[in-house]
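Construct the complete structure from the given sequences, taking the supplied hints into account.
Just so you know, the sequences run in chain order U and X. Residue 138 in UniProt numbering sits at position 138 of the first sequence, with consecutive numbering throughout. Residue 115 in UniProt numbering sits at position 115 of the second sequence, with consecutive numbering throughout.
Don't read these hints as lab results, they were simulated from the structure. The beta carbon of each residue, even a glycine, is placed where N, CA and C say it ideally should be. Be a bit skeptical, because a hint or two may be false.
To be verified - Below 27 Å or equal to it, Euclidean Cα-Cα: the simulated DSS-like pairs (lysine-lysine) are:
1. X:Lys121 with U:Lys50
2. U:Lys52 with X:Lys10
3. X:Lys119 with U:Lys52
4. X:Lys10 with U:Lys26
5. U:Lys123 with X:Lys119
6. X:Lys10 with U:Lys79
7. U:Lys107 with U:Lys79
8. U:Lys50 with X:Lys10
9. X:Lys97 with U:Lys127
Unchecked claim - With the Cβ distance kept under 7 Å, some of the chain X side facing chain U (calculated, not the full set):
10. Lys10
11. Thr11
12. Tyr31
13. Glu33
14. Asn66
15. Thr67
16. Met74
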Amino acid sequence: MMENEVINLFKTYQETSEYNLLVSFKGRLSQEVLTELGSMIRTSLSTESKIKKIFAVFIELAQNMLHYSAERKINEEQKDAGVGILIVRENSIGYHVASGNLVLNEKIEFLTERIQKINSMNKDELKSFYQQQLRSERPEDSKGAGVGLIDIARKSDGPLVFRFDKLDGKLSFFTISAFFTKEN
Amino acid sequence: MESLHIQQTKTSPEIILESDKGLAEIIGESYPENAMAFYKPVFEWLSAIQTAGKQIQFRFQMDYFNTSSSKVIMDILDNLQKYHDKGGKVEVEWLYKEDDEDMQETGEEFSSDLSLPFKMKSYK
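Below, the structure written as structure tokens:
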């Protein structure tokens, strides 16, 4: 039998308080969990004018994680699901919606170039890029349209912020964050 | 060619496919786990209706959809445009809540490359 250790949650509690988190999730995602987290966002941000945009960006990040996180677990329905972290945090000037999950090192270059290209575009250029990508063939191994990151950039305010933390020769932890300014 | 009524869920819209009238409606929110798989019946219905040479009225009344669903909607519109180009009778209606500028703009973006009848309508 395992001994019931005392788990010290104080540090975790302090950190999450500091971050002012509206929603935070770490673990194996599923469509059901994603839906519930989405409902939580709608409840806690019901008076926010950008609620639809924030919700949409959260769903894109969550579905990216569900489908493409390099850390996978089989869920109850024997379906393969991605593992990672999702947060929505509020501060005095706005909201951060961010996700973090493992990716293969070989994807770093593609993701970096993609995000830098998106960040270099203005709203009109993003719109054309979105339209052009939407009308092209679906990327291989993709369940979506290959336009998720463009959509996130179009809906959010300011550039996408991202980083890679290398774990080993094979994997890195990929964090990406979108920001929304408060209107009042 | 069967009519079909798919009930709305938290992550998928209500879908009404009426074969007699050639009427298709997609209503609600769309972010299913696999959009391509979810919308497969719509493409099967379109194929059957078009084989029969019927007229099609396609109505979108959506509050939100994710990018995967956006791609599928583009595919539906491309499919309708091809039918129109071959002489099929097609009409698309894009309904959006009157204060939903994003959904209005999305409809305008979708229709910009199409030459089939495409009506934008707001509702309260």
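Results of checking the hints against the structure:
Distance hint between Lys121 of chain X and Lys50 of chain U is fulfilled; the C-alpha atoms sit about 23 Å from each other, no more than 27 Å. A C-alpha spacing of about 15 Å is found between Lys52 of chain U and Lys10 of chain X, which places the hinted pair at or below 27 Å, so the restraint holds. Of the supplied pair hints, the one linking Lys119 of chain X and Lys52 of chain U holds, its CA atoms being roughly 24 Å apart against a limit of 27 Å. With a C-alpha separation of about 22 Å, the suggested pairing of Lys10 of chain X with Lys26 of chain U holds against the 27 Å cut-off.
Proximity of Lys123 of chain U to Lys119 of chain X is assessed by CA-CA distance (about 26 Å); at most 27 Å being required, the pair is judged to hold. Distance restraint check for Lys10 of chain X and Lys79 of chain U: the Cα-Cα separation of roughly 20 Å lies within the 27 Å cut-off, and the hinted pair is therefore satisfied. Of the pairs offered as hints, the one joining Lys107 of chain U and Lys79 of chain U holds, with about 24 Å between alpha carbons and a cut-off of 27 Å not exceeded. With a C-alpha separation of about 21 Å, the suggested pair Lys50 of chain U and Lys10 of chain X falls inside the 27 Å cut-off, and the hint holds.
With a CA separation close to 22 Å, the supplied pair Lys97 of chain X and Lys127 of chain U stays within the 27 Å bound. Interface hint status for Lys10 of chain X: upheld, as the beta-carbon distance to the closest one in chain U is roughly 5 Å, under 7 Å. Given hint, Thr11 of chain X at the interface with chain U, holds; its Cβ is 6 Å from that chain's nearest Cβ, closer than 7 Å. The closest approach between the C-beta of Tyr31 of chain X and any C-beta of chain U is roughly 5 Å, which is under the 7 Å cut-off, so the hint is satisfied.
Hint status for Glu33 of chain X: holds, given a least beta-carbon distance of 4 Å to chain U, under 7 Å. Checking Asn66 of chain X against chain U by beta carbon gives a least distance of about 5 Å; that is within 7 Å, so the hint holds. Satisfaction of the interface hint for Thr67 of chain X is found here, the shortest Cβ-Cβ separation to chain U being roughly 5 Å, below the 7 Å cut-off. The closest approach between the C-beta of Met74 of chain X and any C-beta of chain U is roughly 5 Å, which is under the 7 Å cut-off, so the hint is satisfied.
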